[in-house]
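2 protein chains.
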Amino acid sequence: MKILLDVMSGDKAPLDIIRGGTMAAGDFDVDIVMIGDEQIIRQTASDNYIDISKDNISIVHASEVITMEDPALSIRTKKDSSMAVGLQMLAADEGDAFVSAGNTGALYAGASLIVYRIKGFRKAAIATVLPFETPMLLIDSGANIVVTDENITQFALMGSIYMEKLFGIVNPRVGLLNNGTEKTKGTQLLQDSYARLNECEAINFVGNVEGKQIPFSVCDVLVTDGFTGNVVLKLTEGLGSFLFKKLKGIFYKNVLTKMSAAMIKKDMSVLKKDFDASEYGGAPILGISRPVIKAHGGSDALAIRNAVRQAIAYARNGVIVDIAHYAIKSSDCGSTES
Amino acid sequence: MKILLDVMSGDKAPLDIIRGGTMAAGDFDVDIVMIGDEQIIRQTASDNYIDISKDNISIVHASEVITMEDPALSIRTKKDSSMAVGLQMLAADEGDAFVSAGNTGALYAGASLIVYRIKGFRKAAIATVLPFETPMLLIDSGANIVVTDENITQFALMGSIYMEKLFGIVNPRVGLLNNGTEKTKGTQLLQDSYARLNECEAINFVGNVEGKQIPFSVCDVLVTDGFTGNVVLKLTEGLGSFLFKKLKGIFYKNVLTKMSAAMIKKDMSVLKKDFDASEYGGAPILGISRPVIKAHGGSDALAIRNAVRQAIAYARNGVIVDIAHYAIKSSDCGSTES
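Line by line, the protein sequences are chains A and B.
Under numbering that gives the first Met the number 0, the letters of the first sequence match residues 0 to 337, in that order.
Under numbering that gives the first Met the number 0, the letters of the second sequence match residues 0 to 337, in that order.
Careful, some of the hints might be misleading.
Intra- or inter-copy, both count: the list cannot distinguish identical chains.
[Stated by the list, open to error] Lysine-lysine pairs mimicking DSSO-like chemistry, simulated, CA-CA at most 27 Å apart: (1) K184 - K122; (2) K247 - K233; (3) K247 - K53; (4) K211 - K272; (5) K247 - K265; (6) K122 - K164; (7) K1 - K11; (8) K264 - K252; (9) K265 - K11; (10) K11 - K184.
Because the hints were derived from the structure by calculation, they are not lab data.
Using the sequences and the hints given, assemble the complete structure.
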């Protein structure tokens, strides 16, 4: 198993990405290919006492970097960027999965343009696991601002296969994010999506899901368009930060409250992780013919290690084969392209 | 000042609504008109030792009730419902504001059909104050699933006037909820809305706001369509419940953690209120020619008292006159109907 790692992209690149990749190389039975400026990689590793001389770590040089501010199509112009080089290697079968904490738009565009979509799937989607009462996959969590009911149904199908294969959830429950539970709720698109999801035998559709139900394990896959998914994902992140900031203020008030903080410190750090999507590693771009994993932009070394772990599981579990199989087999679930 | 109160609608009706109305009659210089089945009102009050014999409390009989499951247009068929009777009284100037914790769809439809919109405003919108670092008005928080850039601009204008008049915020900062801060983000509708908000001199537009920024006082008015607003409002509620449930689990684990809970109990209850929109009372339906306030469906007596307090402030502060004035004066802010 060979994981291609973009070590130049992300808020904490290159140091945390190099460190995370090195951790993964030590923890898992895997080859790590660090893609980026070779001199910077070697210098950063050396300056920070990170040993990248292990047999299962190699470097592939790439002279450019796609920044967070670059447009999505910079994946075409910056041909020697770490992201473009990694995707080209993945497309050429020179690795089993690609992990990047970089520019989401560029990664999504590159995955579609360089690696290609699975035949039969009109759009790929970003799928993020939210760590609530039980893990819940939010798909699309940011890629497609405008979708059709066919896209929604295909997202639901891909998400179901992912949760079954990677989280062992048999017959995952699929919910449609809406502004009420009745089937007449929402826009025409959502009403059409409801009908289509309901008809599709391969999907265990449990109906509409409202915002307030999201944390309480009412479904295993929550399907929505990429705009609403982005708002849900980011609001969850924002409210988590807000709450922990407030709690910190409460606990650091005086000696007594500091004592109470000490008593529950461990449990609080577990709870904090519940709000931290990076704990589950990265978000797969489902619908792409080979495994592409988007790690959170703010990923630290541990998050990168976890994203590599997830990439290994994704590449190993035959998710993509199963998704491709469905696209060909079932035309009732929204796969009209073939 | 006479406040019309629908005592038959809401999850905790009639008891908590009657009790909340009675609290308001005691706490504020106001006349409370309780609208609903007279026999049920008198019996409920008597069974629960609530004294509704005060001079500033009166009852107006209404034989029907619109339930949470009724369709929005039941406001037309159930003409003798507490909600319809209250709105008719408001339209006939037999009260200064109407407060209901009932069916949002029916209340919104009834406000538009019975009380009418302010001339020049195409759509009314539900405006909810979210109690984060600083109060932030979310508009539209649930009424209009499909909107235009003109609607968005009018919502921003109405919301600005409300926050200035009721919360004393001079020149309120208006943000547009989007999936990124760059002006090229979002659907065509959002890009058009961005341009229009930017051009309108009466609006202090501060640009796009992402989900993760929402709790951190980046704007005083957050404008969005009613679908996304509903998701934001309900997800905030859901994540708040989820977190406090988890914290309870941590604190009730053993004797030591229970001690630490005791030390910070007061601060925690303050924090809990920060996540509880009902603390600010109800949500005005802005764009209606007279004050209509939607109290949260789950409102208890205190929340109803607070909603009445807000109704008084809304009726007293000339918000509607100011909104109407703007519709006539400025055509650059999206008021093309006149």
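So, going through the hints one by one against the coordinates:
1. K184 - K122: Both: 25 Å inside a chain and 19 Å across chains, each within 27 Å.
2. K247 - K233: both (21 Å within a copy, 25 Å between copies)
3. K247 - K53: neither (41 Å within a copy, 47 Å between copies)
4. K211 - K272: Result: close both inside a copy and across copies, 20 Å intra and 17 Å inter.
5. K247 - K265: For K247 and K265, the Cα distance is within 27 Å both inside one copy (14 Å) and across copies (15 Å).
6. K122 - K164: within (21 Å within a copy, 47 Å between copies)
7. K1 - K11: within (23 Å within a copy, 59 Å between copies)
8. K264 - K252: both (15 Å within a copy, 13 Å between copies)
9. K265 - K11: within (26 Å within a copy, 39 Å between copies)
10. K11 - K184: between (42 Å within a copy, 24 Å between copies)
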